[in-house]
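Required output: the full structure, derived from the provided sequences and hints.
Under our numbering, the letters of the sequence shown match residues 1 to 465, in that order.
By construction, these hints were calculated from the structure, which means they are not laboratory data.
Derived DMTMM-like pairs: lysine to aspartate or glutamate, alpha-carbon spacing no greater than 20 angstroms straight-line: (1) Lys196 to Asp185; (2) Lys345 to Asp328; (3) Lys345 to Asp134.
Please read all numbers here as calculations on a predicted model, not as lab measurements.
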Amino acid sequence: MSGLLGTLDMGQRALQTQMKGLELTGHNLANVNNPNYSRQRIEVSSTYQVDAGMDSRGTGVGVVTIQQIRDQILDSQIRSEKSVTGFLESRMTGLDYIQTGMGSVLNPFGQEGAGGLDTQLENLIASMHDVSSDPSSRTSRHMFLDAADTLATEMRSVDQQIQQLEDRWDDELNLRVEETNLILDQVASLNQSIQKAERGGANTANDLRDQRVKTLESLSELIPIDVNSDANGRLQINVNGVSVIDGETVVSRLSAEAQQQGAPAIFWQPDGQAFTPSEGRLGGIQDIRNTTLLEIRNQINAIAEDLIQTMNQSHSQGFALDDSNGRDLFIGQNASDIQVNQDLKDHPEWLQASSRQGETGNNETISNMINEMQASRAGLGERTYVEAHADLVAQLGQSIRSSRSDLEDQQAMEALMINQRESISGVSLDEEMTQLVKYQRAFQASARLVSIVDDMLSTIVTMGR
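Okay, here's the thing in structure tokens:
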């Protein structure tokens, strides 16, 4: 009798085990289209053995744990790739903003007929030649001053566009810092939930672990992270040697602090350690803000400053139609405030084109200004104004092209790794259907065993009556 009861108990455990396998297979099938899900398998083992001398026997099967099929090394590689992708995506977005916001004045791809700074510089030189051909002509003087005014307006427009882009990226930086801190809280909360769910020692909170993997990847898109686990399974996250998360606690948070000049600086709080990310979206934002935009501003200012100084020096030495002199052509310090002297705009006859008094047909001063416009400038690396602008445009265009190519290559690399992980951890319909049939047959066999033992027990009970 005890043997039959033991066999009945064995059949019950077998039914429960196969039912658990069926449930888990159904869970896998339900998540077949969930890109963040890793398939799961039950691990089974023989249950305890009854020792009764020569009559020792097993007691069946039971579920040991539910295993998540996941390659942690591949997960780490994907996080690293996502940090690089995040950097390149932010940089490409910034360059697209520059191309959209400043393309009309910088003409980064040299479109035919586009009215960029290069066009305005050429127009200014052409109008100087008109004045040189007829220094006493008020019409040519008007046209020259209009060309100079248009050039100054374009330079101020470039400076304003740069300022708007800097403000935009400062706002983006602040938003991404807030997003990073929010994700840090989410990771710590998931760590706490996983610790509670697995308090018995088994790694069974697999769905929560899937959520944490996805959240860590979202974090890695923003900043480069190093993820480790201690001997007790507590998750630890470091960023460039700074402890950020220790188990269920957020140790450090980011803060963005405005500076008197330049972009906001990023710090880890509460220690106040400066953070300059080399990867992730925050790294891309800082690269655009502190490198690309700064280089454009510096080069435009270099052209404007040299133009103001050189043209004023030549113009102030000449004489107007009424023999007056000493006036500057431009006022201002750089591209942010350059403009044509309003006195000259109001009185074109005060344009100082002659090198000597009383010679209204003298064009030596304006000719000298033409030579200066077309000469190589020491302050511009021995380039003319047009060449310096052309180099700026070429550098920007090349940066856009190379960044787009780098991003496409990186996205392909990331997709390759994600596909590789999917082949390991993803749900296969064919495989799950095979598992489904296997558990179904095992369940049917276990049920048959229970039915047979039940019949035998009924026979024994009947015999005793």
